[in-house]
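Keeping their order, the protein sequence lines are chains A and B. Residues in the first sequence are numbered from 13 upward in steps of one, following my numbering. Residues in the second sequence are numbered from 41 upward in steps of one, following my numbering.
Accuracy of the hints is not assured; some may be wrong.
Unchecked claim - Straight-line distance between alpha carbons at most 27 Å, and here's what the computed DSS-like set of lysine-lysine pairs gives: (1) A:K54 <-> B:K111; (2) A:K14 <-> B:K123; (3) B:K97 <-> A:K54; (4) A:K14 <-> B:K97; (5) A:K54 <-> B:K49.
To be verified - Among chain A residues calculated to face chain B with C-beta under 8 Å, some are: (6) M46; (7) G55; (8) P56; (9) E57; (10) Y61; (11) G113; (12) G115.
If you're looking for bench data, these hints aren't it; they were derived computationally from the structure. Glycine included, C-beta positions come from ideal geometry on N, C-alpha and C.
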Amino acid sequence: QKEVEQDPGPLSVPEGAIVSLNCTYSNSAFQYFMWYRQYSRKGPELLMYTYSSGNKEDGRFTAQVDKSSKYISLFIRDSQPSDSATYLCAMRDGNNRLAFGKGNQVVVIP
Amino acid sequence: DGGITQSPKYLFRKEGQNVTLSCEQNLNHDAMYWYRQDPGQGLRLIYYSQIVNDFQKGDIAEGYSVSREKKESFPLTVTSAQKNPTAFYLCASKQVTQTSSYNSPLHFGNGTRLTVT
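Extracted from the complex, chain A is given alone in its bound form (with noise of 0.2 Å):
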């Protein structure tokens, strides 16, 4: 099993849809948590970061952190066609060790 598991998609949603994305992860020593955006041929850049079970909103972004259930979730709701990209998860362990996921391509029709 990955330490990170993400399925890359591609997911094709009309504009104005709310997009829905997750990873699972392995690793119960995993704490913090990130949502990394990638515009083609353009490096990441973050999107969310959360370090705690629960919500945390910016704007039309909501992550979501079920340590539990070993499972994070990034929504973006009125989904724009400039939110087409490739989104990466990413948690970092106690020892400062990252681990990336794949990455999920989202395309927003118009």
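Following the hints, complete the assembly by docking chain B onto the known chain A.
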């Protein structure tokens, strides 16, 4: 504007040649990292450096070398020993202090796409 600059954006080399990828940051970050990104494989750590004149191997260091002579610079050399060097290479940095070591996120450059034929 503060950030991480990777150059060049595209690089083409013949098999058997060494090539050096540049990474410069003006964020005053202590730690710098090199990742390789391949389709369907996610990001894999090549080398990282927490302070000047010190660096450690990551998960896939074979065939690569780095140096960290200055805080702001962390060049990566892809040697002829790297069996499959064609990939997208990403440099990243983060701040490391006593209070932020474990909760400061990575900041990435825009990558260098290396093609070796």
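Checked against the structure, which of the hints given earlier come out wrong? none
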